[in-house]
Amino acid sequence: MLEGFGSSAATFAADIDNMLYVNLVLSVVLFLSVVAPMFYFAWKYRASKVKDENIENITHHTLLEITWTVVPTIMLGVFFWYGYATMKTLRTMPDASDAITVQVEGSKWKWRYEYPANSNGYVHKLGGAFTKPVVDENGRVIEKGSMGKSALYVPVGTNVILEMTAPLGDVLHSFFVPAFRMKEDVVPGRITKQWFKADKVGEFDVECAEYCGTDHSYMYSRIVVLPKAEYEAWFNSNDDTPKGNYAKGGDAVLQLHGCKSCHAVTTDKQLIGPALKTRTLTKDQVLDVIKNGQNKLGYDMGAMPAGLATGTDAQEIAAYVAGGLKGTAPASFAACSSCHGEDGKGQFGTAPSLVSYDATLLAHVLKHGKKGMIGTMPAFPYVSDEEVSAMAEYLNSTK
Amino acid sequence: MANHKTVDYQAEKGIYYKVLFGLLALTALTFIQPEMFLTQYTFGMQMLIGTVKAWIILMYYMHLKGEVLIGWTVIFAVFIVVFFFSIVMIDVSNFQYADVSHITSPAQ
Amino acid sequence: MSHEYVPEIAVDREGKEHVVQGWQGDYEGGKLGFWLFMLTEVLMFGAMFMTLTYYFTLHHADFIKASSELDRTLGGVNTVVLLFSALTMGLGLLKMRSGDVKGAKLMIWLTILLAAVFLGVKAQEWTNDYHEGIFLGLDSMQAGGGKSFGEILFFGMYFTMTGLHGFHIIIGIGLMLWLLKRINSGKVSPDHHILHFNIALYWDLVHLIWVFVFPYFYMTGAGVIHG
Amino acid sequence: MSKSYFDETHCAFGHPKSTFMQWMLTVDHKRIGIMYAVVMFTFFFVAVAAALTMRFELFAPGQQFIDAHTFNQAFTLHGVVMVFLFIIPGIPAVFGNIVMPLMIGAKDVSFPRLNWFTFWLYIVGCIVALSSLFNFNIADGSLVFNFADTGWTFYAPYSLNTDTNVVTTLVAAFILGMASILTGLNFLVTIHRLRAPGMDFFKMPLFVWGIYATAWIQLLATPVIGITLVLALLEKYFGIGIFDPAKGGDPVLFQHLFWIYSHPAVYLMILPAFGIMSEIIPAFSRREIFGYRTIALSSAAIAGVGYLVWGHHLFTSGMSDLAKTMFSFLTFFVAIPTGIKFYDWIATMYKGKIILDTPMLWALGTIITFAIGGLSGVTIAMIGADIHLQDTYYTIAHFHYAMLGGVVFLFFAGIHYWFPLVFGKMYSEAKAKFAFYTLFIGFNLLWFPMFIAGYLGMPRRYFDYLPEFHIYHQISFWGAIIFVSGLIFMFYTLIQGMRNGKPTTPNPWNATTLEWHLPSSPPPLENHTKVPYVDFRPYEYHHGQPVVKFDENMKRID
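Residue numbers (our numbering), protein chains in the order written: chain A, 422 to 820; chain F, 51 to 158; chain E, 9 to 235; chain D, 30 to 587.
In case anyone wonders, no lab produced these hints; they're calculated from the structure.
Any given hint could turn out to be false.
Stated by the list, open to error - Among the chain D residues that face chain E by a calculated CB cut under 10 Å, a handful are:
#1 V138
#2 S139
#3 P226
#4 L385
To be verified - Pairs of lysine-lysine residues, derived as DSSO-like cross-links and limited to a Cα-Cα distance of at most 30 Å, are as follows:
#5 F:K63 <-> E:K110
#6 E:K130 <-> E:K113
#7 E:K130 <-> D:K460
#8 F:K115 <-> E:K24
C-beta: ideal position from N, C-alpha, C; glycine also.
Make the full structure from the sequences, and use the hints.
Encoded structure:
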């Protein structure tokens, strides 16, 4: 990934590289002015060569002292001026009438972009979470990570202003595009802005640079710079995903809302929430979870929050999850079978499939019970650890 | 060690009463000012009166008068506080997007 | 094994003698040390005042409105109480230095009494605030609880700063009781009063902080309200 | 032969018989300094272990053996322990205590009992910090690792939202801050009041100057972070709103308050280290130091300007552009006195007699590493550059070059320099030199690749990374392995020297300052037999020999 870094991809990136180059050269000069004489003196006046009578206690040399004060000061002045000048370029926003203004929202742990309405009155809402690679117990990747639909489309050679904020109750993030050499924090309850003019068609990574919690290191996104005509065509259509290997349809919506940070989709892997593939849920059930949230299993992340998606988005997700996501038992399992079915794969309308439950989850449910929209599962506090692991083993074997 | 001279209580207490009277008068001024004069500068006036009071307390009650070394350390500390104040104030009054941000009022 | 001070003389090359300052019983050093400690208090409250001023700049009108809701009478009473306590403390030290230990103890007791009065008034004031729905953690102090941003912040800082100031008063009372114990056991005497001196300094500092806390919170919203 | 401070001691109260209680209650500055060193280096290795865990995790992209949450806790642990428990008490607590009173000819610090109290306050802070590692569940008696995952900076609002043990960590930091303040206070009064007769400020050794400047920072900056942490606690418990945007608070204010302390704190760390450098360079060049006054005053200047530049940590935080410009401008003024110091040290070597003993090797090695650390700091003081490099591995590399390659390396230099003074024995020179070369090579291998990775856009505090950065992480990993081996070997050498090193004379290095004019080695309980009269400069050499000599009653005999 990290495409296009080697060459400058924004109009001001070259200035910054230039500044860093000047800085590097002067820094090496300053470095050598200290270290070179040090090595030379350490060799020239090494103990075996110097007679005690020849040691000289020189404590002052006005001209030299003035030189090594003034010359570095001038260099520092140059540094300051360069830093200031590039900051001015980076921070002077272009006129809004001459630019595309995109609203950026950073939240744990996804980027979302909202465009102004296009000629049809359609508002493009893009972005979403980077899908983490899913790794099995042996460290093999069983579901590849992907940027998903998390991309910001911009035309080449056009000013783009990013108006960035984070929701209240969220934390600090930082919108960092290494290829553009730009970065600014995203602060809850505040608007911060930055701008760029991409001068190269291509795809460039976006990273979060301000520490924001567990999945800070997966808060990636991507800027896709399109030729102007292609951008115009995309912008005035109602299709959010015109090109590239980006997710489409319901999958894309799952990404947009960050569902896939917690739920595995194409595998049975238990992430933070249960794998969606094996859950047999109706559309209404999914809608209910999305709308009211869920807090029954004591996941690492706490409850599944309510209202992650609303309206048609929620409908879409529900349809997708409900539609597309399709030994001998130990004695103690008899108590479970009445609700969850002989094979533990759930009985419609009564209890969910247990296939996606691992031992920890199972133990938790048995100990504390569980309250879902399907009904309340009572606690079974007397089930022993051995019994739990026996059940878990069995459930694993059914997968 | 007793390397300090003892004091004459009767001779010194007069100054304490004088200072008390002055502080009481300034406190009264504190209450009068917002009702009577310069009411558009209440905050500044209050801080000014406070500074005068603080000065009196420092000099007489806290015996800072004549303390060279300690006096300089106090000035140094106050200077640092003042510097912190000024920089943060410069920053806060120059926020670029204060008008579009939700700093001063809830988001719509 | 003791670490008593043994007076010492350093002799220079001409044979002149110079007194060596030991750490034991160093009156000036004790004073300097305590002043330095007080500077840390100044910085601490300075940082809080800075925070306060920061939000005052942002939420000017809200702050003035919130300030006008505070009880200036009780605040004023406390100001005067503290003023007199500073006097009794100062006189106590004077008496101690002039050799009148009994008078000094009386004055310290008076100061403790005034400090207790201060705390009582403060407690009354906080109780009143609580009944008016102004207290940390109440629903009315949450976002969307009917108060503007500035008011929430103002009262948040008000309870923080007056609370910390009150905490200093409590510590002051404890210090004065300790001082009385030291006087009774003869460890603090007219010849050896650095502890008394420093506690008096501490008390003046507590007063000094109030000199700024009081007008900042109580008086900015007094009189004609400017928007 | 007088008894050394190992044989007898003064106690805060009582006269305990057992050696153990004598150590616990000692008010002797030398013993307290040694105890600080023992505790601090224990924690140092805890933090190194946390760092090594991270390096193992980062050896390859993807999750290796710890998850992201644990990784975040690991770097928080590393940062909190290194900063608050190790490097802030650091050189002042150890060498400020052991050496500074000896250097100015004092019997002890001004408030020995306060010094004792401060040490135990520090220990309390350490215990609270340790207690925040775990959650103890009373119901089932289980311990759950639940250390804060905020990073050592505790940035609001993340620190206010997370349900890890941030509160205990904040309390620990507050207590450790108090201990730091009291240390500074004690040293300030000591330096002002207890200098030997005749020793004016410009006759003090430069290490004392470093401690003096540091003490001012400890005293006048630490309270700000103290109150910031208190405000954060109140915010977390009572929701006073200061850092909560939902109530009109401003998360960026936290950063202002935090860095008002934490930036001067880096000068608090480096100034005494510079002091050690200024002691070692003339002693091993066998000549008087070049530009004594400029070095002394530049310490004061760095401390002063250091208060004014905290904002350069906020260049990408949403601070106003005017403030950015001012802070950037002021920041460069720190570089000037620092540069002057460097040139003065190099000039001190000119026409001297350079003896490459272990302390000198450490000092010269540090000139290289700190020069890189300092110059890369200048790069990120330029606003435009900082906007790109802020919060990347470049910044990480920069401050590790400055802190580890500057402060800690000079700390090691000081340990090797004053080792014979403290213990009266000598370590094996050959082994110590070998340890230096290992550490120096490992260090550069570990950190230099991060400059490049950071420039290419590798953000800090990342648990996982894009495959492009694999090579840099791998080089760093091997550097880390070499570095840690060197570290273990160095401490092994020192402990060996402590146990069965050769006994030394009181002045094995032919150095000039007062701590080398003690009657015996290790020093006796109340230091110098008599307080000398100081009418000489601290680094007077003539033909490679110290000019000033004393007899056993501290009378000049030259």
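Hints, one by one, checked against the model:
1. V138: holds (7 Å)
2. S139: OK, holds: S139 of chain D within 10 Å of chain E, min 5 Å.
3. P226: Hint on P226 of chain D: holds, closest Cβ of chain E at ~4 Å, below 10 Å.
4. L385: Where the cut-off is 10 Å and the nearest Cβ of chain E is about 36 Å from L385 of chain D, the hint is violated.
5. F:K63 <-> E:K110: Holds, at roughly 17 Å.
6. E:K130 <-> E:K113: holds (26 Å)
7. E:K130 <-> D:K460: The hint is violated at about 67 Å.
8. F:K115 <-> E:K24: Roughly 33 Å between the alpha carbons, so the hint for K115 of chain F and K24 of chain E is violated.
Violation of the numbered hints given earlier is confined to hints 4, 7 and 8; the remaining hints are satisfied by the structure.
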